[in-house]
Amino acid sequence: MTEAIEIFATASFWAAVLRIATPLIFGTLGELICERAGVLNLGIEGIMTFGAMVGWMTVYQGGDLALGLAAAAAGGGLFGLLHAALTVPLGLSQHVSGLGITLFASSLTYYSYRLILPGETTPPSIEPFTPVDLGFLSDLPLVGPSVFTQTPPVYLALAMVPAVAWILYRTPLGLAVRMVGENPHGAEAQGLDVFALRIGAVVVGSAMMALGGAFLTLAAFDSFFFTMIQGRGWVCIALVVFASWHPGKALLGALLYGLFDAYQLRLQHVVSDAIPYQVFLMMPYLLSILALVVMARRAAYPRALMRPYRRGER
Amino acid sequence: MRLERRDHVPAALALAAPIGAVLAALILCAGLIAWAGAPVLEAYGRLVTGAFGSRLSLTETLARATPLMLTGLAAAVAFRARLWNIGGEGQFYIGALVAAAAGAGALALPGWLLISVLLILGAAGGAALLVVPTLLKTKAGVDEVVTTLLLNFVVLLFVSMMIEGPMKDPLAFGWPQSAPVVEHAILPDLIARTRLHAGFLIAIAAAVAFWLIDSRTVQGYESRAVGANPEAARFAGIAVDRTILRVAVFSGGLAGLAGAIEVIGLKEYLTLDLSPGYGYAGIIVAMLAQLHPLGVVAAAIFVATVFVGADSMGRSLGVPSFIADVIVAVSLLCMLVALFLARYRVRRR
Amino acid sequence: MIEATRDTVLALDGITKRFGDTLANDAISLELARGEILALLGENGAGKTTLMTILFGHYTADAGSIAVFGRPLPPGRPRAAIEAGIGMVHQHFTLADNLTVLDNVMLGTEPLWRPRSDRRAARRRLEDLAARFGLEVHADARVGDLSVGERQRVEILKSLYRDARILILDEPTAVLTPQESERLFATLARMAAEGLSIVFISHKLGEVLAASRRIVVLRAGRAVAERETAATDRHELAELMVGQRLTEPRRQPLDPGAPVFALDGVDLPRAGGSALAGVDLTVREREIVGVVGVAGNGQAGLAALASGLAAPRAGRLALFGEPVRRPSPARFVAAGVGRIPEDRHGSGVVGDMAVWENAILERARDPAFARHGWLRQGAALAFARRLIADFDIRCPGPRARTALLSGGNMQKLILGRILSADPRFILANQPTRGLDVGAIAYVHGQLLAARERGAGVLLISEDLDEVLALADRVAVIHGGRLTAPQPAGELDTRRLGLLMAGHWGEAGHAA
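Respectively, the protein sequence lines represent chains A, B and C.
Residue numbers for the first sequence follow my numbering, beginning at 23 and rising by one.
Residue numbers for the second sequence follow my numbering, beginning at 202 and rising by one.
Residue numbers for the third sequence follow my numbering, beginning at 6 and rising by one.
Derived by calculation from the structure, the hints in this document are not laboratory data.
One or more of the hints may lead you astray.
[To be verified] Distance condition first, Cα-Cα at most 25 Å in a straight line; then the derived SDA-like pairs of lysine to any residue:
no.	chain 1	residue 1	chain 2	residue 2
1	B	340	C	439
2	C	209	C	474
3	B	340	A	27
4	B	369	B	256
5	B	340	A	160
6	B	340	A	313
7	C	209	C	439
8	B	369	A	271
9	B	369	A	293
10	A	271	C	122
11	B	369	B	306
12	C	209	C	191
13	B	468	A	104
14	C	209	C	229
15	B	468	B	311
16	B	340	C	333
17	A	271	C	272
18	A	271	A	327
19	B	468	A	249
20	B	340	A	293
21	C	209	C	387
22	B	340	C	474
23	A	271	A	300
24	B	340	A	328
25	A	271	A	184
26	C	209	C	359
27	B	468	B	333
[Said to hold, decoys possible] A partial selection of chain A residues facing chain B, derived with a Cβ cut-off under 8 Å:
no.	residue
28	100
29	103
30	121
31	129
32	165
33	307
34	312
35	319
[To be verified] Away from chain B, derived, C-beta distances all over 10 Å, residues of chain C:
no.	residue
36	27
37	129
38	323
39	352
40	367
Think of the CB as a built atom: it goes at the ideal place given N, C-alpha and C, for glycine as much as any other residue.
Bound-form chain A, shown alone (with noise of 0.2 Å):
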């Protein structure tokens, strides 16, 4: 028993804490600013998938690291705007459209890179990112190799919290963001072009949620694999409810799955004996759900969200 109480103890424990949780930042992100504008993106499986093939087959082709994280975002970008396209001017489905990107990104995915590299059997790998030395406060007890040892995504993703919050609640263009999710008819009125954002707002969550896919494959492992998202997207959706729309509990949301996640993977080393490691995996997929019905009713939906606007129309 001590032992499953010991993992707290280890700085590894809380660097693997962040690590989980950075994807789900992105991706978290990315999510809630598509929300705040009104579209829901259930492509965001998809496009994490596809994010992580990009950015990895573009460093395994010689580009470097940073080249990687930008062909991903772009990569991210243009399916979002495939989806903002169908759901935004054309008022389509977001349920719908939205599948249809994940299940269109992940197959274009796997069908490029068999395409790319045929027959490999074990997956290439690449040089991914090193963890970067922050001097004195590296070598700080317990935070030094925990916090402040990590990638620079890591920072990139932590930095996107207060930047995204600043963007959203003190300036213009997050007003009107959030204004479109709140009211279209009222954005228009003011003479906001309710379509250019929306379709801005997915653009830009779609290339954020892409950088989460990449974290995986240049920071996180050095390698591409299928499947490897394993239903990361669907926890953001779960978790920008479980934030009630806000940034700031977005962060909180990821790093509590990431504590969970790591210690349930530590703890199944502990007593792999006794329970079935499947009960372990469950758990953050039915911990995500759990997280869904304690913040059902007081979610504070954006008022617009997957409705169409149509100009002229009620």
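Following the hints, complete the assembly by docking chains B and C onto the known chain A.
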């Protein structure tokens, strides 16, 4: 430019929409085939002959269409009532798990009775799995999209646990698979020495039954009303929550039935690769069919054609068989646009 | 037409707009002077709102041009209208409930890409304007928490904040008490005195006469008349607006009978408006009881109780003298209650289903329309045809999609659905909202006829004239509490207005 909603979608247009969508998808995917260095027209030719060219390939296509019809119906029945059941994959596996567990010798029943019991159990398993998120939706306001999606992963892990644990076949040389079902629990073949089995007829019957229920019964009428305007349905005195729950039982049941049929009709035991995403593909089938039960039959055969045909095209021309998934996904997106164009007309100002 | 003299700030010339086969605006021309209050009078569907949405750039006209301060206004761009100095206060407010007043006012006033909003300056400016025009609101309040009157103030402030010189108000009093309306008119006068020009859209004769200086009457998409307010009266305007003389059905005096619907000390938790507390109400056979009040004061809860959607948390609910323990819409329908919902599109009909399917919506399980779970489609179609004939529902046939029906015909379908079952108690919740004059008269006639056949009617309405014309007794709802109903003959709009604003003591009466 302005969009104007048509008062009525002409039948010809409703029929042309899926055909146009599929053609558009094939044209869009031609680029990907060319990228693989294969001649596009020949590739599509091989796709068709691969799916229909011989008795064997034709029966294979219909065998592949069987679970797709059922998962497609599962999605259609749910979406019609605006219950976003994206958990078809999980419900499929639960149905398969239940059928494999109960069919491996635990029940000492004679042939047809055993088969019927296994099918009912499988359907019940799938239904039970969807009832949980549906109750969460109606009682606690929890969005069912994410819960049904996440349950897919939970179920797969559960299946993995079972076939590595209590249900593991001791004779399978350590492979994670369940013990096979007993011989008289296996559905008869429709055509000898092919993979086409009686499950195909069950799926067709399910489509016809769904169509009759939907268009001719009070229950179908009520679910349509609930799907189209739950507020008005509730106001008029229709028990909305109960109707949604009933829809969930049907929908989950159909997906569970698909899993059970796949086990006792084709595979005879349970593995983790029993379904190449039938649950998700069912959503595409339903959308291509515009949620019409009889259209589901046609759409399922189309999707099965692409899957079976792409296998043979891939083998002969070196195009990764993932092209099938791409074609099907692009068809879905094109179908959305086609439906839009059918419903609206574009006017200049 | 008045010649373009003085300082013309706005000139519309030959505006024409067609939707499908209907001509919404037919070559309408009008002008507005500096400091003028112009009323645009017309019944629902006359084309008032279309005209103003064209002016504001939400729609583009098929023909015609607009000039603001002598300069042509580019069509189809709300931004251009705002920049030209036009502000619009919409009938359905364009505010976001979850945002604060300041957020709503600031929206779109700063360059989008500025890295930081200057909220401090915005707040100061907002507070200055509010004080100058007597439009006090709390800048940090969440709009969703404001009353309807306060929201309208926010809408007006939004326009003023943008330096609007021309203000367009679309049916601004539809949701206000008479006193709030008077306060609004005072504000408008103050703004006109400061040189703002105001267009005031309405179908209510009284307030058009009270608030405007000049009146343009629209009918069926055309400007049919123009009058100086001082030189016209109610009767002339009514005839101009409708184009014919209409006789309002008269209410025969009848002796009420046994109670059909009774609430006794009923509490109900918040349901999209105020919670109800200690509500007593009795509706008897052969009488119409009217309930008036400002929107959001508990009407939704009262309607939910009277339609079977909600059960009292405390107190008793009785139908036809029998207490109802577990109310449900189905039980109410079966017991003989006919219910006209407030939102006919939202909860009255299923727009995507056929007319015949909507005709049987409440009675699909009735043996007349179902046998062993199978729908008797033939019987349902025959029933729908009878409704179409009996209630004069204009539609292509029973198989037409219901969403295609006009508001009036949709309401006739709902009326037919409930009246064909010969109900003994009828809930009529805003039964004429958004209907044209002909349809309103039809609905009124049907309600009075049902009363004469012996039904009791609970009429919930925001239209005081309607309630005073139809109801035998009138109760006022405010803050979830209901006054004791008083005979309609003893009430006038001023008294009702005080009661609606919650001044129960000053109105000389307390419940």
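To see whether the hints hold, each was checked on the structure:
1. Between the alpha carbons of residue 340/B and residue 439/C the distance comes to roughly 35 Å, so the proposed pair goes past 25 Å and is violated.
2. Of the pairs offered as hints, the one joining residue 209/C and residue 474/C holds, with about 15 Å between alpha carbons and a cut-off of 25 Å not exceeded.
3. Taking the CA atoms of residue 340/B and residue 27/A, the gap is near 37 Å; set against the 25 Å cutoff, the hint is violated.
4. Using a Cα cut-off of 25 Å, the hinted pair residue 369/B and residue 256/B is violated, with the two alpha carbons roughly 35 Å apart.
5. Restraint check: the Cα-Cα separation between residue 340/B and residue 160/A comes to about 49 Å, which exceeds 25 Å; the hinted pair is violated.
6. Distance restraint check for residue 340/B and residue 313/A: the Cα-Cα separation of roughly 16 Å lies within the 25 Å cut-off, and the hinted pair is therefore satisfied.
7. At most 25 Å may separate the alpha-carbon atoms for a hinted pair to count; residue 209/C and residue 439/C meet this at roughly 13 Å.
8. Restraint check for residue 369/B and residue 271/A: not satisfied, since their Cα atoms lie roughly 43 Å apart, outside the 25 Å limit.
9. Note on residue 369/B and residue 293/A: the hinted pairing holds, with a Cα-Cα distance of about 22 Å set against a maximum of 25 Å.
10. Pair hint residue 271/A plus residue 122/C holds up; C-alpha atoms about 23 Å apart against a cutoff of 25 Å.
11. A distance of roughly 14 Å separates the Cα atoms of residue 369/B and residue 306/B; the hinted pair therefore holds under the 25 Å criterion.
12. As the CA atoms of residue 209/C and residue 191/C are separated by approximately 17 Å, the hinted pair is consistent with the 25 Å bound.
13. Proposed proximity of residue 468/B and residue 104/A is contradicted: the alpha carbons are some 39 Å apart, above 25 Å.
14. Among the hinted pairs, residue 209/C with residue 229/C is consistent with the structure: their alpha-carbon atoms are about 17 Å apart, no more than 25 Å.
15. Restraint check: the Cα-Cα separation between residue 468/B and residue 311/B comes to about 21 Å, which is no more than 25 Å; the hinted pair holds.
16. As the CA atoms of residue 340/B and residue 333/C are separated by approximately 17 Å, the hinted pair is consistent with the 25 Å bound.
17. With a CA separation close to 37 Å, the supplied pair residue 271/A and residue 272/C exceeds the 25 Å bound.
18. At roughly 19 Å between alpha-carbon atoms, residue 271/A and residue 327/A fall within 25 Å of each other, so this suggested pair holds.
19. Distance check on the hinted pair: residue 468/B and residue 249/A sit about 24 Å apart at the alpha-carbon level, within 25 Å; holds.
20. Restraint check for residue 340/B and residue 293/A: not satisfied, since their Cα atoms lie roughly 37 Å apart, outside the 25 Å limit.
21. A hinted pair counts as satisfied when its Cα atoms are at most 25 Å apart, and residue 209/C with residue 387/C does not qualify at roughly 40 Å.
22. Using a Cα cut-off of 25 Å, the hinted pair residue 340/B and residue 474/C is violated, with the two alpha carbons roughly 44 Å apart.
23. For the proposed pair residue 271/A and residue 300/A, the alpha carbon gap of about 29 Å is over 25 Å, so the pair is violated.
24. Among the hinted pairs, residue 340/B with residue 328/A is consistent with the structure: their alpha-carbon atoms are about 21 Å apart, no more than 25 Å.
25. Under the criterion of a C-alpha separation no larger than 25 Å, the hint pairing residue 271/A with residue 184/A is consistent with the structure, at around 11 Å.
26. At most 25 Å may separate the alpha-carbon atoms for a hinted pair to count; residue 209/C and residue 359/C exceed this at roughly 35 Å.
27. A hinted pair counts as satisfied when its Cα atoms are at most 25 Å apart, and residue 468/B with residue 333/B does not qualify at roughly 28 Å.
28. The criterion of a C-beta within 8 Å of any C-beta in chain B is not met by residue 100/A, whose closest approach is roughly 14 Å, and the hint is violated.
29. Annotation: interface hint on residue 103/A violated; nearest CB of chain B at approximately 13 Å, more than 8 Å.
30. Given the 8 Å rule on beta carbons, the hint for residue 121/A holds: about 6 Å separates it from the nearest Cβ of chain B.
31. With a cut of 8 Å, the hint placing residue 129/A at the interface with chain B holds, because the nearest CB-to-CB distance is about 3 Å.
32. The beta carbon of residue 165/A is not positioned within 8 Å of any beta carbon in chain B (closest approach about 33 Å), and the interface hint is therefore violated.
33. Against a cut-off of 8 Å between C-beta atoms, the interface hint on residue 307/A holds, since the closest Cβ of chain B lies about 5 Å away.
34. Nearest Cβ of chain B to the Cβ of residue 312/A: about 10 Å, over the 8 Å cut. The hint is violated.
35. About 6 Å separates the beta-carbon of residue 319/A from the nearest beta-carbon of chain B, less than 8 Å, and the hint is met.
36. No Cβ of chain B approaches the Cβ of residue 27/C within 10 Å, the least distance being about 13 Å, so the stated non-interface status holds.
37. No Cβ of chain B comes within 10 Å of the Cβ of residue 129/C; the nearest lies about 41 Å off, and the non-interface call holds.
38. With a closest Cβ-Cβ approach of about 19 Å to chain B, residue 323/C is found to remain outside the 10 Å limit, as its non-interface label requires.
39. With a least CB separation of 4 Å from chain B, residue 352/C falls inside the 10 Å interface cut-off, contrary to its annotation.
40. Consistency note on residue 367/C: stated as away from chain B, yet its beta-carbon is not over 10 Å from all of that chain's, at 5 Å minimum.
Of the hints listed earlier, those the structure fails to meet are numbers 1, 3, 4, 5, 8, 13, 17, 20, 21, 22, 23, 26, 27, 28, 29, 32, 34, 39 and 40, in rising order.
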